[in-house]
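Keeping the supplied structure of chain H fixed, place chain A upon it in accordance with the hints.
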Amino acid sequence: MQKGFSLVELLIVSLLGSLLLLAASQGLATLAKHQKDQSELLRLTERSNLAEVALKKAIYEAQNIFIAGEATQQYPSFSQQNILLGYPKTSEDSFNQFTSSDWMLLSQGKSVKKRYLFHLDKKTYGYGLAFKDFGKNKPRSDTLVNQVELVRFKFFCEEAQAWIRGNQVSSCKKVTGASFALLLASSQALEKKQLAQVILWGEKLTLPTDGIYRQLVSATVHLMDKPL
Amino acid sequence: MLNNNFSQGFTLIELLLSLFLTALMVMGITQYLLVSSRISFTLQQEALAARTLESLLIQASFSNLGKSNIEAVLASNACPSNLAELQIDFTLWCQALDQLPQLKVNSNSNYLSLEWQAPKGKKTIRRPAFN
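Protein chains in written order, with the numbering used here: chain H, 1 to 228; chain A, 1 to 131.
Everything labelled a hint here was simulated from the structure, so no lab data went into it.
Where a beta carbon is used, it is the ideal one built from N, C-alpha and C, also for glycine.
Treat the hints loosely; a few may be bogus.
The calculated label-pair distances, taken between Cβ atoms and stated as ranges, are [stated by the list, open to error]:
(1) A:119 with H:81: 41 to 51 angstroms
(2) H:14 with A:42: 37 to 47 angstroms
(3) A:42 with H:142: 32 to 42 angstroms
Looking at chain H on its own, in the form it has when it is part of the complex (with noise of 0.2 angstroms):
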């Protein structure tokens, strides 16, 4: 014969199992929300990391910066400009640039030919920095690395053993070394503190307050010594 339970006896089952339930299922809810967040680190320090192996690379095999352009405009601002490229004089080529960031045209060779853009614009499936490779036969600017917010550029200029921006670049005869900077934004909103401002190289930063995280990074890369 079935015995069942005393009321008693219910009642505190169901008060544990509740009880139980409740911490289970907020225990796999912040799980789920850990692991989400995680996830979307993870790919923003892989965009991260990869937007800097692309840099450092570009520039550590640089032969000489050819010309560079600095913001007009503060960060955050994205619209964006025509510019024209400006090297050789005679070039007709341009490209679409975010107002509040830099951008550089390095060589990697003696061949005007051999010249490569970096700069930051919008395209059709977002924004991000672009690269445009002048040594191909229809030169083209493609998206490197998605969602990169700005981009800052400084070099280190021999003869004036100082950094300078990229405006006094055309003026200095060697460049030995850059720095550059890079803000990333993840694709979604994230539960993680933001600071509301960074200084950058002296500059304030602030960022927007849209949920979204940001990731600075910066680095400094000798160009290849070897002579043109």
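The following block gives chain A in isolation, referenced to the frame of chain H:
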């Protein structure tokens, strides 16, 4: 075939045991979250310390002025307020001061090292000294 045995159901002890096992599972998830966060935090700290040293050493190699500026800032153990004047990129150093608890710089003729309090004790990262 019909089963003529009476169905007895679970006893209270069996049910409490199953609830206890569920509680253990929840505690397991919590432990996993804690350990995973701690490992990820430690790895981030180590990467930041290594990148900070690398960045400062590369910048010091460009000029003597840069090297002396870096040495002065490291000795002060603070994020400099005149970043624009110093011309050196102290972004990582300032991040390290913010994110590595009890950060200490040790420097001698052979090496430059950073020491900080990680979640599981003190950690040190060492690189060859400024040339």
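Okay, the hints, checked on the actual structure:
Between residue 119 (chain A) and residue 81 (chain H), the C-beta spacing of about 47 angstroms keeps the proposed range 41 to 51 angstroms intact. Range check, residue 14 (chain H) to residue 42 (chain A): about 42 angstroms between beta-carbon atoms, so the 37 to 47 angstroms window is met. At roughly 37 angstroms, the beta-carbon separation of residue 42 (chain A) and residue 142 (chain H) lies within the given 32 to 42 angstroms, and the hint holds.
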